[in-house]
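Colleague: Sequence:
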Amino acid sequence: MTNPYEDAFQRSITDPEGFWGEIAQDVHWYKRWDQVLDSSNKPLYRWFVGGKLNTCYNALDYHVDDRGRGDRIALIYDSPVTHTIQKYTYAELRDTVARFAGVLAGRGVGKGDRVVIYMPMIPEAAIAMLACARIGAIHSVVFGGFAAKELATRINDSQPKVVVSASCGIEGQRIIAYKPLLDEAIQIASAKPEHCIIFQRPQQEAALVHGRDIEWSAAMAVASAVDCVPVAATDPLYILYTSGTTGQPKGVVRDNGGHVVALKWTMKAIYDVDEDDVWWAASDVGWVVGHSYIVYAPLFKGCTTILFEGKPVGTPDAGVFWRIISEHKVKCMFTAPTAYRAIRREDPDARLIKDYDLSHFKALFLAGERSDPATIQWSEKHLGTPVIDHWWQTETGWAIAANCMGLHRFPVKYGSPTKAVPGWDVRVLDDENRDLPAGTIGALSVKLPLPPGTLPTLWQNDQRYIEAYLTEYPGYYKTADAGMIDEDGYIYVMSRTDDIINVAGHRLSTGAMEEVLAGLPDVAECAVLGVEDALKGQVPVGFLVLNAATVREPNEIIQDAVQQVRKQIGPVAAFKMAAIVKRLPKTRSGKILRGTIQKIADNREFSIPATIDDPQIIDEIKASLEALGLAGKKK
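Quick note: the sequence shown uses my numbering, first residue 84, plus one each step.
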C-alpha cells in the first residue's frame, strides 16, 4: 500500500515534467511556460522556459490583491537585543517594499542590475531583498559584519550598481560598525557602486560619503511606489556566495521560476505548514536558510514569518527561543543543531522551558550541519514534539532529504535525515560512477536533472559550475558529502567526502565517532577529525565542549570518551586522542571549521576563514593541539 510520499516521489522521478508542471499551477504567472523542463543544453538544464512571473508579486501582492488577505501578519521582527517587536501586515509590507523599489529605481537600478545587501537582521534587509525582486534586479546578500576584503571580493564579482547597508549590527551585547567595513571594501574593490543606501540605526549612526551615500529614511520619505516587473522564469533572482576550494567564492545563482514553484510547495510538503501558520527560521539572511525560509518560502505560502535578531543564549538567556515560540504562537521552527546544543549546554535540564506555553508548537526542524542523536533526543524530550533532521546545501536551496511531514511521517532513525525528498534521485556512487549496494559508504550524488529551485549555474561561470559539481560523476550532481542509504531508503550523511578518514586502510566516518561522543552525558558539543599519522595514515582526534554543570575531572571524561568510541566503533578506529576545549571554531551560521583545525594539526599552512565567528578561538584550539603533541603555523 502506497502513501502520499511514495506516490509523489515516484512521479517526481518518472515524470518530473508532469509532477512540477502540476505544482507550478499554484503560482501566479503573467505568462505560462512553453516548456516545463528544457534538456537541450545538457548538463545545463532549465525549468519553466518561456514563463514570466515576479517573485515579489508571489510573495506579497498575490496575497493582498488576488486573495484579499492584506490584513494578515506577514512578518514579525523580534529583537531582544534592541527590545523591539514590530509587525507588518501583508499590505504594509507590500507598500513598504514597493516604495523601496522606487528608491532603487530612482537610482537607476533596473532589471538585471545587481544590488549587494550588507545588513543585520532587521526588517529592512528583507524589504531590500523583496524590492530587488520587484523590479527584476538581482540581489546578493553578504552576511552583515563580513570582513572588508571578503565583501570587496563579492562586490568585484557581482559588480553592483547599488549597495544597501546599515550603520551597524548587534552581536549579542556588542555593536558592530558596518559602515567602516563597507567603506574599506569599496576602497579595495575595483568595481565601484554608484550609490550606497544606508539605514541609520539609533545604536550607532554612520558618517555618509557626500555624493555617494543616501540615507534610507530620507530616500523613503520622497519615494514613489513602483509595480512588479515581469521577468523570465530563467532570469536570476539572486546570487549567494559560498566558499570555493580555490579560495575564490562561488556565486550560486537562483532563478525566479523554479524557486517560487519549489519553495512554495515545500512549506506544506516538507514542513506541514499552511497559510496563516506562524513559522520561524532562526537563521540569518546572509545564509541560504535566511533566503529560502525567512524571506521567500513562508511569504509565498501566505504564512507569518519571524525575523529574529538575537542569539539562542545570552539575549537575554537560554529561554529566548521558548519565549518567542510561546509569545508568537509558532507552529514550526527551523534552526541549526548548534543552537540547541548551546541551549542544552546552558540549561541542561531545560528548566527555563517550564515558564512558557508551547502547546501550539508542532515540530522542530534541524539542518545546516550534522544533527547528533543526543541533541535530537534532548529536544524531543523537552519539547514533546517531533524533531526532524533534514539535509540540504547552499547550492540546492531546499532539502535533498527530509521526513516530509506534510506527505507522510516516517519513523525517525537517529543519525539519518530520513528519505530523499520528491524531486531528488539520490544515489551512492563509487569512484567509477557505479551505484553501491545498501549500507555501503560512498559519494552521495544526485542524478540529473536537479529539481526546480536549485542552482542552474554559478554567476557568469557555467564552466566552473560544470567542473565543480557535474564532472567528477558524469550525469550526477556531486554533493561532496559521503554517506550511505540503508535498505529502507533512509539516507545517512556521514561527513564531507574529504572527511572520511582512512585509518590503516579502514575507511571510517568521523560523524559516527561524533555520535558516540555527543551521547556522553558530560558532552555538550564535539568534533572529530583525522590528522596525519606516519604509521596509520590518519588517526582521529576529538574535541569536547562540556556541559556547564559538569563536575567530573577532565581526564576521567577523556578516558570515558576513548573507551566508548572503542566500544561502539571498535579498536580499528584507533581513537586515543581527545582534548577538552571551551568552544569550537565555527562560521557565523554554526558550522564547525573542521578543515581549519585539521590543517593546524597537520602543520599545514592555513588562513583563518572570513566566516569565522570569533578568530580568537583558533589560538585556544592551537594550544590544545600542542598539548596533544600536534601544532600548526598560521599562514
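Among the clues, some could well be false.
Lysine-lysine pairs mimicking DSSO-like chemistry, simulated, CA-CA at most 27 angstroms apart [stated by the list, open to error]:
# : residue 1 : residue 2
1 : K114      : K170
2 : K351      : K445
3 : K394      : K665
4 : K437      : K412
What the hints contain is simulated information worked out from the structure, not anything from laboratory work.
Colleague: Take a quick look at whether K437 and K412 sit within 27 angstroms of each other, Cα to Cα.
Modeller: holds (16 angstroms)
Colleague: K351 and K445 were given as a pair; does the straight-line alpha-carbon distance stay at or below 27 angstroms?
Modeller: With a Cα-Cα distance of about 13 angstroms, the restraint between K351 and K445 holds, given a limit of 27 angstroms.
Colleague: Are the Cα positions of K114 and K170 separated by 27 angstroms at most?
Modeller: violated (33 angstroms)
Colleague: Verify the proposed pairing of K394 with K665, using a straight-line Cα cut of 27 angstroms.
Modeller: Holds, because 18 angstroms separates the two Cα atoms, which is no more than 27 angstroms.
Checked against the numbered hints listed earlier, the structure breaks hint 1 alone; every other hint is satisfied.
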